[in-house]
Structure formats: C-alpha cells, structure tokens
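Now for the letters of each chain:
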Amino acid sequence: MRKHDVVIVGSGLAGLRAAIEMAGRVDVAVVTKVYPSRSHSGAAQGGVAAAMANSSEDSVESHFFDTVKGSDYLGDQDAIEMMTKDAPVTITELEKMGCVFSRDEQGRIAQREFGGHSHPRACYAADRTGHALLHTLFEQSMKYKKNITFYSEFYLLTLIMEEGTARGITMMNIKNGDVEVIHAKTVLFATGGYGRAFKITSNAFACTGDGIMTAYRAGVPVEDMEFVQFHPTGLYGQGILMSEACRGEGGYLLNGKGERFMEKYAKSKMELAPRDIVSRAEQTEINEGRGIDGKDFINLELRHLGREKILERLPQIRQLAIDFLGVDCIDHPIPIQPTAHYSMGGIPVDVDCHVITDAEKTKVPGFYAAGECACVSVHGANRLGTNSLLDASVFGRRAGKAALEFTLKAKHEKISEADEMRKAKKRLDDLLVTPGTESANDIRTELKETMSTHVGVYRTEEGLRFAQGKLKALRHRFKNVRVTDKGKLFNTEIIEALELSNMLEYSEVIVAGAMARKESRGGHARVDYPKRDDVNFLRHTLAHRIGDGAVRLKYKPVSITKYQPEERKY
Amino acid sequence: MGAKFFVSRYNSEVDAKAHLQEFTVVVPKGATLLDCLNIIKWEQDGTFSFRMSCRSAICGSCAVRVNGHARLACKTQAADVIVDGEVTIEPLGNLPVIRDLIVDLEPFWESLERVKPWLVPDETKKFDRERLQSHHDQLKIDAASTCIMCGSCYSDCNVLNVDKMFLGPASLAKAQRFVFDTRDSEKEARLDFLSQVNGMWDCTHCAECSTRCPTEAKPLERIIELRQEAVNSGFTNNNGARHVLGFRESIGGFKGKGGGGMLNENYLPLRSVGLSLGGMLSLLPVGIRMIMRGKNPPMIPHIIDKIGEVRKMFRRFDEYRKEGEK
Ligand SMILES: Cc1cc2nc3c(=O)[nH]c(=O)nc-3n(C[C@H](O)[C@H](O)[C@H](O)COP(=O)(O)OP(=O)(O)OC[C@H]3O[C@@H](n4cnc5c(N)ncnc54)[C@H](O)[C@@H]3O)c2cc1C
Ligand code: SF4
Ligand code: SF4
Ligand code: FES
Chain S
118 MRKHDVVIVG SGLAGLRAAI EMAGRVDVAV VTKVYPSRSH SGAAQGGVAA
168 AMANSSEDSV ESHFFDTVKG SDYLGDQDAI EMMTKDAPVT ITELEKMGCV
218 FSRDEQGRIA QREFGGHSHP RACYAADRTG HALLHTLFEQ SMKYKKNITF
268 YSEFYLLTLI MEEGTARGIT MMNIKNGDVE VIHAKTVLFA TGGYGRAFKI
318 TSNAFACTGD GIMTAYRAGV PVEDMEFVQF HPTGLYGQGI LMSEACRGEG
368 GYLLNGKGER FMEKYAKSKM ELAPRDIVSR AEQTEINEGR GIDGKDFINL
418 ELRHLGREKI LERLPQIRQL AIDFLGVDCI DHPIPIQPTA HYSMGGIPVD
468 VDCHVITDAE KTKVPGFYAA GECACVSVHG ANRLGTNSLL DASVFGRRAG
518 KAALEFTLKA KHEKISEADE MRKAKKRLDD LLVTPGTESA NDIRTELKET
568 MSTHVGVYRT EEGLRFAQGK LKALRHRFKN VRVTDKGKLF NTEIIEALEL
618 SNMLEYSEVI VAGAMARKES RGGHARVDYP KRDDVNFLRH TLAHRIGDGA
668 VRLKYKPVSI TKYQPEERKY
Chain G
57 MGAKFFVSRY NSEVDAKAHL QEFTVVVPKG ATLLDCLNII KWEQDGTFSF
107 RMSCRSAICG SCAVRVNGHA RLACKTQAAD VIVDGEVTIE PLGNLPVIRD
157 LIVDLEPFWE SLERVKPWLV PDETKKFDRE RLQSHHDQLK IDAASTCIMC
207 GSCYSDCNVL NVDKMFLGPA SLAKAQRFVF DTRDSEKEAR LDFLSQVNGM
257 WDCTHCAECS TRCPTEAKPL ERIIELRQEA VNSGFTNNNG ARHVLGFRES
307 IGGFKGKGGG GMLNENYLPL RSVGLSLGGM LSLLPVGIRM IMRGKNPPMI
357 PHIIDKIGEV RKMFRRFDEY RKEGEK
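Top to bottom, those sequences are chains S and G. Residues 118 to 687 (the working numbering) are what the first sequence spells out, left to right. Residues 57 to 382 (the working numbering) are what the second sequence spells out, left to right.
Please note that a few of the clues may not be correct.
[Said to hold, decoys possible] Heads up, simulated BS3-like pairs for lysine-lysine below, C-alpha to C-alpha not over 27 angstroms straight-line:
hint, chain 1, residue 1, chain 2, residue 2
1, S, K262, G, K73
2, G, K172, S, K260
3, S, K543, S, K478
[What the hints assert, rightly or not] From the derived model, a few chain S residues whose C-beta atoms are all more than 10 angstroms from chain G:
hint, residue
4, H236
5, K381
6, R539
Everything labelled a hint here was simulated from the structure, so no lab data went into it. Even glycine gets a Cβ: it sits at the ideal position worked out from N, Cα and C.
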C-alpha cells in the first residue's frame, strides 16, 4: 500500500495546476492514465478567457454577465463571479511560469474575439493554447519533481469511501497490471470530460468520464449530465475540432445554397453567437436539406482571410484539415458538422471545489474535484468558448488551495486495504475471468451511433425512449463482453473495456436527465419542448445511483445573485 | 482487396525477441494509419497493443516507425505509406520495447529533465501584470514550443543510436526555447551546460530529427540556433565547439580546392578533445561503440553528400562568430 497526503487523479490543466499549488507543502501524488503532456487539455486550440483588457476595453463584470447569459441562466452566479474575478491573476501567473502566449504590438498577451463574449478576451497561443498551457504546467511539475510523485500510466479503478469520507483510491499500473492502493488524507479528481460516447466527437479516446463514474459508483451524485456541448465546427465525418478561433478571426459558415445562414438565427452576433445556437442552426439547415449538396455537412469559409493570416493565426487548423480531409483552407472551404465537444455536467462541487451531494451543499470530507469532470457550475447549460481552460486553471488553483488547507489539518483515516484490493480486483476479474462472447467493439459502435442519433443536438421523447431501451440492452450485453487479452503487461484491451463500462453507464444518466428535462436550454434542445421553462426547470439535475445501477433524479437550485433570467438574444 | 500490414509483436514477459505478424486490412477511404491499427485491434486481434489518445496530432502518443521511419499514426493517411500493398509498423527506435508498439519512454523523459526544462525568471524583478515580450521575441521561441513530445526524433536520431548519453533532439529543442526566451535569466548557465560533451555539439546534423518531426519544432534548426548563440556568447572553449571547428577545417577550402569536401572523421575527434592523452582516452568508448555498430569512421575520408549545404552552414557559423566578436 502506498501512502500520500493528497492524491490527485488527472494531470491535465486542472490536476497539474492543483499539484503545483500544493507542491512542497504536503506530499502530493498525481495519478494519470496517460503521461501528463498527453492529457486532453493539450488539444484545446482557441484560447483562454480573462478580462485583461489588453486589446480593448473590458471588465470582469462584462465577462461575468456574458458567462451567465451564455449558460442560458443555469450557471451558478456566485461561482461565475468568482471565476471571472480570478481570471486575470490566474492567466498572469501562467505567463510568469513561462507560458508562450502570442503577443500584441505592445508586447502584452494578445487577445481575440470568441463566441458569446462581448469583448476580445481570449488570450491565446496561436491555435494551440491548451498545448502551450499544459506544457507550461508540465515543465513546472518537473521543477517540483522532488515534491510531486507521478504515477503515469496508472488507471483509476475505485474511490475509497468509508463513513462518508474519501480516503484514497485504487489503481492499476498499466505497465505491469498490478493493482495498488493509495491511502490519502485528501482525494482530488481532475479526470476530464465524457464526450467519447458520441460517434462524432472532438474528444480524445481518453475522455470517457472515468472519474465521474468512479465517484458515482462510490455513492456521489452527478450533476447536469444531460448538458453536452456540441461544437459547430467539427471536421466532417471525424469530428476533429476546427477551433472557434476560425470564426473569431473572421471565418463564416455557408449552407448548400451559399447563404450565410446565421443571419436567420443570430442577426447581430452571426457566427459568433454561442455554440448551442450555432450548432442548432447548422443542424436545422442540414435537417431541412440545405446542407452542402443536400448532405449532412456545411462549409466553413476561410479563404477570404488570406494565406498570411491563416498561416500565422490558424496554422494547426489548416494542417488538420489537410491531414485528415485533404482540404487546404487557403484554397477551399472546410466541410464541417456539429461535434460532441464539452461536458457541462460532472461531479457537483462548491466554489472551493469541495464535492457536495445535495441541495443543502452537504460536503464529502476529503473529496475535491476540478476541471471538466467537475460541475461548479460555471457553464450551466452551455459553456462559452475559452471558458473551460479558464475553469480548469482557476478551479485547479482554487482546489489546490482548498485541498491544501484541508490536508494540513487532516489525518489518514483508517481503511481496510484487503477489502479495497478485493473490490478493485473484482472489477478486473469480472472482465478477465468470464469467457465472454460479446464484442466490445460492436457494443461501443452501437452506443456511439445511438447517442449521436438520438441524444445529439436535437432530442425528442421518442428518440430518448429508444436510446434508453438500447442502452439497457447494451449494458446487458456488456456483462458478457469478451476480453481476449489475459496478459498483465500494457493490457490496453482491458483498459478499453473499463472505459466502455463507464461510457455505457453515464450515457444512461445523460438520457435519464434529458428525458426528465422537458424544456430546451443551452446544449439540451428538445424538439417537443422548444422553449426554456424557468418555472419548472431553472434547477440543476442531481442523478443518484441506486440498487444495481438504476438512476434516481433529484434537483438543486441555481444560485442567482445578480442577473435575473431573461430571454437570450444574440 | 486488403493491404498487408506487418506489425511488430513482442511481449517482454514471454518473448525473447520481436517478430512481425501479418494482418490484412481493407483500408477505408481516407483512413489514417491509426484507424487501421484500431481495425486490427478491434476486429482481428484484441491483444495487439499501442498507445493513442487525441487522434488529432497534438498529444504525441501514437508515434511509431512506419516502413522504418518514425511518424504519428494518427497524422498519416494509410494510403500514403502502403507501398505495393504492404506496410511495416514497428515501435520507436532507441528505446526499450515493453510490448508490441509500446516503448518505455523513461529515457526520453529523463533526457528532457536534464536540460532543466522550466523558466527561471529573474526573481528580483516584480511585475503586477504579465511581463512584456515583443511579437518578434516571441517568434524566436514559437517553433520549439510546438513540440508535442512524441519521441519521433529521439527514435531516429543517429547519435543516440550509438551514444545513449547524448541529450537528444527533443531536449535540445526544448532547451532552445529557454535559451531564447527573453524572460529567462539563466541563458549563460544553460549554454554552458549544453556546450558540454553529450550536448549540442554532439549532433552530426544528419537532419533525421527535423525530417521526422511532425510539428514545427524541427530540432536540428533549433540546435543550429543554439550553436550560433553559444558562439556569439563566447562559449567556444569547450570540447563541443572544438569538435565543430575541427569539422570545419576538415571540410576546409572555402577558398581554394584544398579540403575539397573531404571529411576526415578520424581527425575530427582529435581536434575536439585537444591533443591530450586523457582527451583521447575519453573518446574510446564512443569509438568502440561505433565500431561495434558497424559505424566506425572510415579510414579514407569520404566526400560529404551535401557539401554545399554544410559549407553554407559553416559560412553562416563564421559570420555569426565574427559578429559576435564585434
Ligand atoms: C479539441 C478541443 C479543443 C478545445 N479548445 C478549447 C479552447 O480553445 N478553450 C477552452 O477554454 N477550452 C477548450 N476545450 C476544452 C478544454 O480543453 C477542457 O475542458 C479542459 O482542458 C479540461 O481540462 P481537465 O484538466 O479538466 O482535463 P483533461 O485535460 O482532459 O485531463 C484529464 C486527466 O485525467 C486523467 N484521467 C482520466 N481518467 C483517468 C483514469 N481512469 N485513471 C487515471 N487518470 C485518468 C487523464 O490521464 C488526464 O491526465 C477544448 C476541448 C477539445 C476537445
Ligand atoms: S540532426 Fe543531430 S539531433 Fe537531429 S537526428 Fe541528426 S544527430 Fe540527432
Ligand atoms: S521535436 Fe518534433 S519529433 Fe521531437 S518530440 Fe518534439 S514534436 Fe516529436
Ligand atoms: S493520438 Fe495524439 S498524436 Fe496521435
């Protein structure tokens, strides 16, 4: 058994930022299933928001309001205020750590326009902002090597909870298959999002909601899981992201008739309306036969920006379209479609990232969560672009501070290593020992197909009902899944099976939440209930796991401190 | 009709050595090499192992050797590397293999840590906002900062192949990023460290690293910039720099026909360690390793392929040195 003061699971922006905050003060361990520099944060392209007011007037107040409005009023205003206020200092700190930001003429951090933000406030590093931030933190983590123990390529299996407090985790060493326990005073999850359950997705293979489901299985409810953001510009057929920076830099969208159709949907903001609105508009155009050549995609036009600007500001975007579709955006428009992108839902936490379980904000002692796996909720029903790198950085930092304070006063509570090992090994044995006849690949393909078709940009009672039935059947089939690799060394087949079990389970939670939410708000658009319904649904969903996996829904009020909900117009 | 994929299979627990296994894959239109590896894993053999995550060429997980050269599987269109209906896929080179296409990356990370890869700001200066950096200065570190730590360069570097102590291309590119960062306060110390044996001067400019690099990091270009900076800053009195000066004399003849592009590799090491006995002895291990790998320097000097290119580089090197002296 291993012992540390704090165990952080996840080494993306949120996890590393928290680790650095605590390094040297307490004994920190970071567990991650991929090497830190390979965390999904590195894929973020467009920018990170902060009212630095470098290139034009801006204010924290404006950032605060834009985020509240962007969230379709489901965001918790106390948390949003906190995040937007912390934003400039958080970015300044990252700059001081050495982050290579793009610069403006004065030598300040350059800022660009982004959807839903009323001022240019996206700080960026060309179109690889996440990469620049993640590598900066990775560099810092090497600086603190003596103070942070890394368990790279270790897979989280279970959360150790006893008497309602978090006391550690179990994990599998992917390199040799060993199962181990980490006994800790404090556990912090920073395990990222759950966008992988959709066929068209911008997410990495690793984004399978592991941490969220591990908490859920340990008895913690999960919040607002039905809110999944579909990004308007995924590369056709792949879903690989073409950053919103394309539109921020002046790119626009054209339908099959060559029209800039956003005129009809968001007259003033056009292509820079929030993502939920642009994705719905695109999907409507496609559904009504106005896709390119009547097909299921539309065009992202960048040619008018000119070669030079494209090469300077959007080099990675250009390369991706060339590598994956053979399209050079200097000469041709890029075919795109909505792609599953961001998980608004997650583990419910308070503004200090302490995990809570109900409307009364009852805390789980010793358990924290930050970044995309957490739901504070600063994004409500729809996240604004560049606000999630911010979320991961601000709340990674806050979680670090809060968890440090807690840890300094806490002690290692008792755990039974043997029991915990048994539970963890059972998860593996269930997969390894059974002979199994079902192909994991078939189950995964059908799952993704189902989620994209019925739980995508537009949802209906009928589609959700179908999905519910289908998911139940898939879960049943999964019990009999075939894992042919019985080896211990780098058994990627068993990791994929564990990830699939998570995807199946959270998909059911998404569907349950979506069925109950008979309204349209942000990322959740019901064809049969096209209006937002503040009377009945201005509240957060809390899904609890009961019995052997059934979902029970409860609700939690939204924190409204300043801005009363109004109709959203762009 | 399907293409033949010869993929390397190995399990360090049971196999003495790796072997190639043949799979037939019907390659879908537009499929990347990573898509094909997944077809093999998901439809034909679940025990086949490799790394992947982002599948959009940014996380650096999926680098493998394809037909002998390192590349990112997710960034490669399968059709581009299938030659006469066949393609061979092996793990990265210069690193121990754990299983199938998965290598042990620890030596790669360790080499990175050796260059102190984090910013060391001048702590005496306080800023309440971000520090300023001109667009022009930022561009100097832009290229190196695009490195995704995929290890492709490490895999195919010829020097690492004979000398595992060499810092290697990715670490040197990373070092460039700090040496040229106007916000860093340890430029001299960094250059001094990088000028030691196993540092920037050990690179033989074979350019494999830059050819294989999937990003703009292009290590060889960064190494050249580092060397120029080292010479400009007066870091010439060390083994590494002497090595390059010897090299320069050896290819000689910027004016006359004298050296005429003849590279005397036997002469090179002497110049670089000076003519002391200790210095010569210090070369022995490298020499022996080279001989063992069949890479012993030929006794008769050979004509360098791209002599024009190399000369251009050294001419620039000379100009920089002169500028540095001014
Ligand atoms: C293509 C793309 C572009 C984006 N662009 C932007 C943008 O421009 N601006 C913006 O603000 N946001 C953007 N986002 C969103 C943003 O990148 C993420 O929300 C944010 O980076 C999440 O950071 P994180 O630290 O929470 O998680 P991640 O970076 O996803 O890290 C998760 C970590 O958890 C670990 N982990 C997960 N499961 C396990 C397990 N079972 N065992 C052990 N470890 C585990 C992983 O190894 C990883 O280290 C983008 C997202 C995508 C997909
Ligand atoms: S150019 Fe230098 S660093 Fe690059 S591969 Fe060749 S020897 Fe190695
Ligand atoms: S320098 Fe290029 S090849 Fe080397 S690790 Fe970085 S990205 Fe990969
Ligand atoms: S899978 Fe990330 S670089 Fe290929």
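Hint check results:
1. K262/S - K73/G: Status violated; Cα separation ~35 angstroms.
2. K172/G - K260/S: Holds - the C-alpha atoms of K260/S and K172/G are around 8 angstroms apart, at most 27 angstroms.
3. K543/S - K478/S: violated (33 angstroms)
4. H236: Given a closest Cβ separation of 17 angstroms, the condition holds.
5. K381: Label holds. Min Cβ-Cβ 31 angstroms, cutoff 10 angstroms.
6. R539: holds (25 angstroms)
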